[in-house]
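> With the hints as your guide, set chain S onto chain E.
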Amino acid sequence: MADHSPAPGATTDDPHGVRKELDSPGQLLVVFAAVIGLALVNIFGSGAIGPTKFTLVFQLAIGSVQAWLVAYYFMHLKQADKVVTLTALSSLFWMGILFVLFLSDYMTRHLLIG
Amino acid sequence: MSASTHSPVLKHHFEDLGQQHACERLGMWMFLATEILFFGGLFGAYTVYRLWYPHEFEFASSHLNRVFATVNTMFLITSSLTMTLAIRSAKLGDKGALVRNLLITAALATAFMVVKGFEYAEDFHEHLVPGPGFSADIGKEASDKGLDPGKVQLFLCFYYVMTGIHGIHIIIGIGCILWLVWEAWRGAIPPENYSTVEVVSLYWHLVDAIWLFLMPLLYLAGAGYGAHH
Numbered sequence: 001m002a003d004h005s006p007a008p009g010a011t012t013d014d015p016h017g018v019r020k021e022l023d024s025p026g027q028l029l030v031v032f033a034a035v036i037g038l039a040l041v042n043i044f045g046s047g048a049i050g051p052t053k054f055t056l057v058f059q060l061a062i063g064s065v066q067a068w069l070v071a072y073y074f075m076h077l078k079q080a081d082k083v084v085t086l087t088a089l090s091s092l093f094w095m096g097i098l099f100v101l102f103l104s105d106y107m108t109r110h111l112l113i114g
Numbered sequence: 001m002s003a004s005t006h007s008p009v010l011k012h013h014f015e016d017l018g019q020q021h022a023c024e025r026l027g028m029w030m031f032l033a034t035e036i037l038f039f040g041g042l043f044g045a046y047t048v049y050r051l052w053y054p055h056e057f058e059f060a061s062s063h064l065n066r067v068f069a070t071v072n073t074m075f076l077i078t079s080s081l082t083m084t085l086a087i088r089s090a091k092l093g094d095k096g097a098l099v100r101n102l103l104i105t106a107a108l109a110t111a112f113m114v115v116k117g118f119e120y121a122e123d124f125h126e127h128l129v130p131g132p133g134f135s136a137d138i139g140k141e142a143s144d145k146g147l148d149p150g151k152v153q154l155f156l157c158f159y160y161v162m163t164g165i166h167g168i169h170i171i172i173g174i175g176c177i178l179w180l181v182w183e184a185w186r187g188a189i190p191p192e193n194y195s196t197v198e199v200v201s202l203y204w205h206l207v208d209a210i211w212l213f214l215m216p217l218l219y220l221a222g223a224g225y226g227a228h229h
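If you read the protein sequences in the order shown, they are chains E and S. Each residue of the first sequence is one higher than the one before, starting from 1 at the first, in the UniProt record's numbering. Each residue of the second sequence is one higher than the one before, starting from 1 at the first, in the UniProt record's numbering.
Just so you know, the hints here were simulated from the structure itself, not pulled from any lab data. Treat the numbers as computed from the prediction; the structure is a model and nothing was measured. Do not take every clue at face value.
What the hints assert, rightly or not - Below 27 Å or equal to it, Euclidean Cα-Cα: the simulated DSSO-like pairs (lysine-lysine) are:
(1) E:Lys82 x E:Lys20
(2) S:Lys11 x E:Lys53
(3) S:Lys151 x S:Lys140
(4) E:Lys20 x E:Lys78
(5) E:Lys53 x S:Lys145
(6) S:Lys95 x E:Lys20
(7) E:Lys53 x S:Lys140
(8) S:Lys116 x S:Lys151
(9) E:Lys78 x S:Lys151
(10) S:Lys11 x E:Lys20
(11) E:Lys82 x S:Lys151
(12) S:Lys11 x S:Lys95
Bound conformation, chain E alone:
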């Protein structure tokens, strides 16, 4: 049976309490500017550095920071339930297992075959 008492944070003009975690447009714009700025750093930085063995690390580090900003602010991991955060992290954990297992094969074949 549903309990029809007021939701936490409910007010007269917000009876369901949905505005208690409202995004600040200013904060969203700062995050947007940061993601755009990092994209430009990645594009122009990669061109300046050229294809060295460190370039990929540089590019993926920037991509990871951008993805984290998107996930934390735009996808609202900042205010997510623990189970949602756990689901997001577990997907990265499983992908980590995927990479470790197949790279341990492909990266060591030449050691075994010679």
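Chain S only, in chain E's frame:
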């Protein structure tokens, strides 16, 4: 679990709106986990061949159009902002702003696909395709540099498969966003039903986040190649 006042949006099998919203978010995140693993397999295959044939991949990447890719990156990041603003509009019950933000998001996504279409057309025109149609000039250029043209084409396989699958996700996203526009227009997204917008936005942001990795792996792998080789 928190309680809430009665709403016609509340499904009968949930105790309250808080529980319903939490379940909707969790369900979408579980789907996103499968998407992350799906793309993880593609990224994994790319990693192996990039490690094996780094110079061929850099050479092939240097022939892609980075201007188109840069413009598309701007489109996608901006669409993520407008999608998040749409959730805010939904929570505030501002139907006009909700429809406007969703339409801008759909327009940016459509612009992404239009630019992608021009890019593919240019690639085909330059015979930058794997298989029998592969450019003899680019193949000779690769051979002259001591590179294997076959491995250059291998990179192009990754380019078309990864951007193609990403493009399919964009098209699905456009469909979902236009459905949201219709729902918002007919008044089916009151503030307590904002999570309908939020679950679509989660999908949309993931598509954006995946592009943030496709961009360096495909388009920036050969950035500055000519100047350094």
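> Hints first: check each against the structure and report whether it holds.
Status of the hints after comparison with the structure:
1. Restraint check for Lys82 (chain E) and Lys20 (chain E): the C-alpha separation of about 18 Å stays at or below 27 Å, so the hint holds.
2. At most 27 Å may separate the alpha-carbon atoms for a hinted pair to count; Lys11 (chain S) and Lys53 (chain E) exceed this at roughly 54 Å.
3. Straight-line distance between C-alpha atoms of Lys151 (chain S) and Lys140 (chain S) comes to about 13 Å, which keeps the hinted pair within the 27 Å bound.
4. Taken as a hint, the Lys20 (chain E) and Lys78 (chain E) pair is honoured in the structure, with Cα atoms around 14 Å apart against an allowance of 27 Å.
5. Between Lys53 (chain E) and Lys145 (chain S), the direct Cα distance comes to roughly 19 Å. Compliance with the 27 Å bound is thereby established for this hinted pair.
6. A distance of roughly 19 Å separates the Cα atoms of Lys95 (chain S) and Lys20 (chain E); the hinted pair therefore holds under the 27 Å criterion.
7. For the suggested pair Lys53 (chain E) and Lys140 (chain S), the alpha carbons sit about 25 Å apart, so the restraint of at most 27 Å is met.
8. Proposed proximity of Lys116 (chain S) and Lys151 (chain S) is supported: the alpha carbons are some 24 Å apart, at most 27 Å.
9. For the given pair, Lys78 (chain E) sits about 43 Å from Lys151 (chain S) by alpha-carbon distance, which is inconsistent with the 27 Å threshold.
10. The suggested pairing of Lys11 (chain S) with Lys20 (chain E) holds, with an alpha-carbon distance near 22 Å, which does not exceed 27 Å.
11. Among the hinted pairs, Lys82 (chain E) with Lys151 (chain S) is inconsistent with the structure: their alpha-carbon atoms are about 45 Å apart, more than 27 Å.
12. Our distance criterion of 27 Å between C-alpha atoms is met by Lys11 (chain S) and Lys95 (chain S), whose separation comes to about 22 Å.
Checked against the numbered hints listed earlier, the structure breaks hints 2, 9 and 11; every other hint is satisfied.
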